[in-house]
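J.: As a plain string of letters, each chain reads:
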Amino acid sequence: MMPAGYATSEGGALLVIAVMLPIVGMIAIFALGLRRAERIAFIILPGGLFIALAIAAEVARTGAAVTYVLGGWQPPLGIALQADGLSATLMVLTALILCAVGLFARGTFSTPPDMSEARRPMVFWTLMLGLWSALNTVFLGQDLFNLFVALELLTFSAVPLVCLDGRRETVQAALRYLLFALIGSVFYLLGAALLYGAYGTLDMAGLRLQAHYNPATSVALGLMIVGLMAKAALFPLHLWLPPAHAGAPAAASAVLSALVVKAPFFLILRLWFDVAPQPGNQLAAQMLAWLGIFSIVFCSIIALRQVRLKLMIAYSTVAQIGYLFLVFPLVMASDAPSAWQSIGWTGGVLQLVSHALAKASMFLAAGLIAEALGHDRIDNLNGAVTAVPISVAAFGLAGLSLMGLPPSGGFVAKLMLLTAATETANWWIVAAILVGGILAASYVFRVLGRAMAAPKIGFKTLAHIPLYRELVVLGLAISAVVLGFVPLQPFAFLGIGRVGLP
Amino acid sequence: MTLLPDLALVLLILTAAVWTVAVRDRRDAVIGFIVVGLLLSLAWVRLNAVDVALTEAAIGGGATGLLLLRACARLVPRPAESVLPHPAMWILTGLLCSVIAAGLAAIVVMPVEPPATLAPEAAANMGELGLGNPVTVVLLAYRALDTLLEKVVLVLALIGVWTLTPEQFWGGAPASLRAQQSSGALRLLAQVLPPVGVVIGVYLVWNGADHPGGTFQGGTVLAAMWLLVMMADLREPPEIRLHTLRLLVILGPVVFLVAGFAGFWIANGFLSYPPAFAKPIIVIVEAALALSIAVILGMLVAGPAARAPR
Amino acid sequence: MILVDMFTMAAVGAGMFFFLAGTVGLLRFPDTLSRLHALTKADNLGFGFIVLGLLPQSPDVLSGLKLVVVWLLVQLAAATAGQLIAQFVGLERRRDPAA
Amino acid sequence: MIGTATVYGLCASGLVAIGLYGLVLHPTPLRKVIAFNLLGSGTFVLFGVAARRGGAAGFLADPVPQAMVITGIVVAFASTALAVALLLRLQETGASSIETTPPEQQDNGAS
Numbered sequence: 001m002m003p004a005g006y007a008t009s010e011g012g013a014l015l016v017i018a019v020m021l022p023i024v025g026m027i028a029i030f031a032l033g034l035r036r037a038e039r040i041a042f043i044i045l046p047g048g049l050f051i052a053l054a055i056a057a058e059v060a061r062t063g064a065a066v067t068y069v070l071g072g073w074q075p076p077l078g079i080a081l082q083a084d085g086l087s088a089t090l091m092v093l094t095a096l097i098l099c100a101v102g103l104f105a106r107g108t109f110s111t112p113p114d115m116s117e118a119r120r121p122m123v124f125w126t127l128m129l130g131l132w133s134a135l136n137t138v139f140l141g142q143d144l145f146n147l148f149v150a151l152e153l154l155t156f157s158a159v160p161l162v163c164l165d166g167r168r169e170t171v172q173a174a175l176r177y178l179l180f181a182l183i184g185s186v187f188y189l190l191g192a193a194l195l196y197g198a199y200g201t202l203d204m205a206g207l208r209l210q211a212h213y214n215p216a217t218s219v220a221l222g223l224m225i226v227g228l229m230a231k232a233a234l235f236p237l238h239l240w241l242p243p244a245h246a247g248a249p250a251a252a253s254a255v256l257s258a259l260v261v262k263a264p265f266f267l268i269l270r271l272w273f274d275v276a277p278q279p280g281n282q283l284a285a286q287m288l289a290w291l292g293i294f295s296i297v298f299c300s301i302i303a304l305r306q307v308r309l310k311l312m313i314a315y316s317t318v319a320q321i322g323y324l325f326l327v328f329p330l331v332m333a334s335d336a337p338s339a340w341q342s343i344g345w346t347g348g349v350l351q352l353v354s355h356a357l358a359k360a361s362m363f364l365a366a367g368l369i370a371e372a373l374g375h376d377r378i379d380n381l382n383g384a385v386t387a388v389p390i391s392v393a394a395f396g397l398a399g400l401s402l403m404g405l406p407p408s409g410g411f412v413a414k415l416m417l418l419t420a421a422t423e424t425a426n427w428w429i430v431a432a433i434l435v436g437g438i439l440a441a442s443y444v445f446r447v448l449g450r451a452m453a454a455p456k457i458g459f460k461t462l463a464h465i466p467l468y469r470e471l472v473v474l475g476l477a478i479s480a481v482v483l484g485f486v487p488l489q490p491f492a493f494l495g496i497g498r499v500g501l502p
Numbered sequence: 001m002t003l004l005p006d007l008a009l010v011l012l013i014l015t016a017a018v019w020t021v022a023v024r025d026r027r028d029a030v031i032g033f034i035v036v037g038l039l040l041s042l043a044w045v046r047l048n049a050v051d052v053a054l055t056e057a058a059i060g061g062g063a064t065g066l067l068l069l070r071a072c073a074r075l076v077p078r079p080a081e082s083v084l085p086h087p088a089m090w091i092l093t094g095l096l097c098s099v100i101a102a103g104l105a106a107i108v109v110m111p112v113e114p115p116a117t118l119a120p121e122a123a124a125n126m127g128e129l130g131l132g133n134p135v136t137v138v139l140l141a142y143r144a145l146d147t148l149l150e151k152v153v154l155v156l157a158l159i160g161v162w163t164l165t166p167e168q169f170w171g172g173a174p175a176s177l178r179a180q181q182s183s184g185a186l187r188l189l190a191q192v193l194p195p196v197g198v199v200i201g202v203y204l205v206w207n208g209a210d211h212p213g214g215t216f217q218g219g220t221v222l223a224a225m226w227l228l229v230m231m232a233d234l235r236e237p238p239e240i241r242l243h244t245l246r247l248l249v250i251l252g253p254v255v256f257l258v259a260g261f262a263g264f265w266i267a268n269g270f271l272s273y274p275p276a277f278a279k280p281i282i283v284i285v286e287a288a289l290a291l292s293i294a295v296i297l298g299m300l301v302a303g304p305a306a307r308a309p310r
Numbered sequence: 001m002i003l004v005d006m007f008t009m010a011a012v013g014a015g016m017f018f019f020l021a022g023t024v025g026l027l028r029f030p031d032t033l034s035r036l037h038a039l040t041k042a043d044n045l046g047f048g049f050i051v052l053g054l055l056p057q058s059p060d061v062l063s064g065l066k067l068v069v070v071w072l073l074v075q076l077a078a079a080t081a082g083q084l085i086a087q088f089v090g091l092e093r094r095r096d097p098a099a
Numbered sequence: 001m002i003g004t005a006t007v008y009g010l011c012a013s014g015l016v017a018i019g020l021y022g023l024v025l026h027p028t029p030l031r032k033v034i035a036f037n038l039l040g041s042g043t044f045v046l047f048g049v050a051a052r053r054g055g056a057a058g059f060l061a062d063p064v065p066q067a068m069v070i071t072g073i074v075v076a077f078a079s080t081a082l083a084v085a086l087l088l089r090l091q092e093t094g095a096s097s098i099e100t101t102p103p104e105q106q107d108n109g110a111s
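Residue numbers (my numbering), protein chains in the order written: chain W, 1 to 502; chain D, 1 to 310; chain C, 1 to 99; chain X, 1 to 111.
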């Protein structure tokens, strides 16, 4: 009856610090109302990055998951945090992107010197740190209720970021986002209630040992996955995402699109491979993949028709998330010894990481273009290349990854998914990946074509953009590209600490 | 036969819930919701969950009800709210909801044997801590991380509400809570009740260590007293830039965090308590949390700042 | 002992009667003020009798004291709520005498 | 044989269905928020049923799901507060319903 116990491992305390450090920073900013909120944030940001790297190093060194049992209370009564290869990777990714976005945002969200506290900086930095803690908890949590609290933490950090500038349509977008997120949470919680009623535990390892197919398990997992789908904006539950991500300030959009929507997907992945009785349900896997296909094709086409750059990028996010959901049938049909040794699984994770880097870069680039030109209407982008050349270049490089063209992380990811799909004869998926690539190329080149065009007569740059901000954007885009050169070997890291299938 | 009162209660709850959703006027809907909340606290007593019953009555019915009533008062009146949607739409939705309800019902009528429970584990470890109320032990020891993070959720919710402050009012005070018509009776209540209410709030927190009650219930009662005073126009809501206010908001989370980190030195790690001091530590943390909850709930009801700082 | 139990039954029974009467009044009376009248009757007499009936049953002085406190608080709240509702009705009537 | 817990389990299912129906169909945000609270209450009662069935070792009910419900109720209150603040702000800035889509988003309404 009792699942295999957790034991606090060496370096386990790092996990606690990863979750608590941003909270300490958030509380400090909130309470002290210091002259400059960003100063505290810039102490926490490198600290958090260091912790994430230390955790990854510990996982790599020991070749096993790093674990911490809170208060010494053994799950399922207590709560454990655990970092395996995948969660360590995602934590490092999160830390990198947040640090980049922090650098980028320093200019826009600094407290004016004549004020003791201004609304936008105070809110932006506290929420950003809250969001970090939430993401780390999602990646580390092993208990489904603890993960519910983490998801709520994420929602409460993300929703106000959307309406930071207080315009009517952003408030509207935030409200819609909140309602979708709340429906998602309730469905998740309903599933958790059913699982508790059936097994008396919400600990993932415990559930993995006990769970078997019965009505309660199927309904519970179904409800939880549907709830998480609403939070991850999978078609047809994506309607909230484009206005929300397009309405937020560029720095917030980057984090929302790159990281926040990945958290619920990560949980679906965990429910599917770490909790659900194996082998998973073939029909459900096909359904998820079909919704992914619809996301890719449908939202890419809508992205192509957008007038405003940020809305286009937001639709592209929905499309790119679609790729992630192709993983389920691909992994199930593969004959690899375990799920995470299959090429489909690695391709999916790589898609997640490369999209995060590319999309963060794209949103930030769009923000700089809008700052320089004073608008973000795609048809009037002429001359952007003279105003912010580095940002346009970054947009193009990030675009490579979205299209899946070599050399880029997106290329390797999509190639892996494509290989897995051909091997398992999932021809619809093959078609979707190819069509999605062509559509992505069209919308990226549409923007680039405009941005590269000669400026109209009387063209004026509205604002001067400091070089370091453009370099941050370029750095993110380059990392998305460099991911394509990483040899396949380190991907074994993603499998560290994952339990073999029974 | 013994099920008769339960069946009647459930019937009442469901009727009130249907009314809440179906009624045209939104104020009626809010009142319906408050009724559901109060009936639900009875249901929680029947489910042997007195702690939850207190929380549901205080927060589910009380605080949420106040919040919604205030929203009603501030929203511009609309002639009728329930615009009948397209028949296809409500038939489809109705069908979907019925399927989900039927699925849940089918699962609850087939309980697993023996019942899945963590009660024996919870009981086995209680002795170490010296507390009598198992729910408090779960909240502040076994699953203290959830409780800590949930306090952070409350702080973030407050920041989220404050985000909606118009730029020129940042740092100022929320809109006054006073009723349109000043009332002598309300003012009298706001003078007589708070001393009693504060005693009850403190009692609930103190008593929560060993008996039903605890931080949330006590904190909500404290918040209710504060809101009453504000509604009777005896006090204005404080300016959101005030240091005292900010410090009160974070007092609970900070004390909790300090207790958590202290565990690295005085016990076996984060959020673990040395057995000899477990009870005093938990009671101190609870007291700090209750104070913060009271302030946060009050400010959440008061809403974003609506006046420029003085 | 029997005498005490009989007292409890009688008092609680009376309380229930007043609650029933108050509820019927609340549902059947035509306007807000008379409904309010019915409601306060139920609160005062019904609840008062029930507390009175339960008092001899309390195991110790503290529980009895709690019962009395509960009764006092309910009286206070009911009186204030009654006042507020009546005031609101007065306000409406002044604004729109037809209602 | 139907027990007390089962009766409340059915109550929970009913609340979930009623709340979900209102949440999906009501056009105005305030009514959606109320419906969300009903839906949430139903979910909590489901935990309560599991708790009541799990009473053992001298406890009348399993305290773990009860503690989860208390956490959940507080979170639901926080959600309601944020939603109410958003919808009041929305009114201040000039819209009366979240269903009115601004012109530039008209084409996503179709998707």
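Hints are computed from structural coordinates only; laboratory data are not their basis. Treat the hints loosely; a few may be bogus.
As the list claims (entries may be wrong) - Facing chain X, a subset of chain D residues (Cβ under 7 Å, in silico): (1) 154; (2) 304; (3) 308.
Cβ atoms here follow ideal geometry from the backbone N, Cα and C, with glycine treated the same way.
J.: Give a verdict on every hint.
T.: Do the hints match the structure? See the list:
1. 154: holds (6 Å)
2. 304: holds (6 Å)
3. 308: violated (16 Å)
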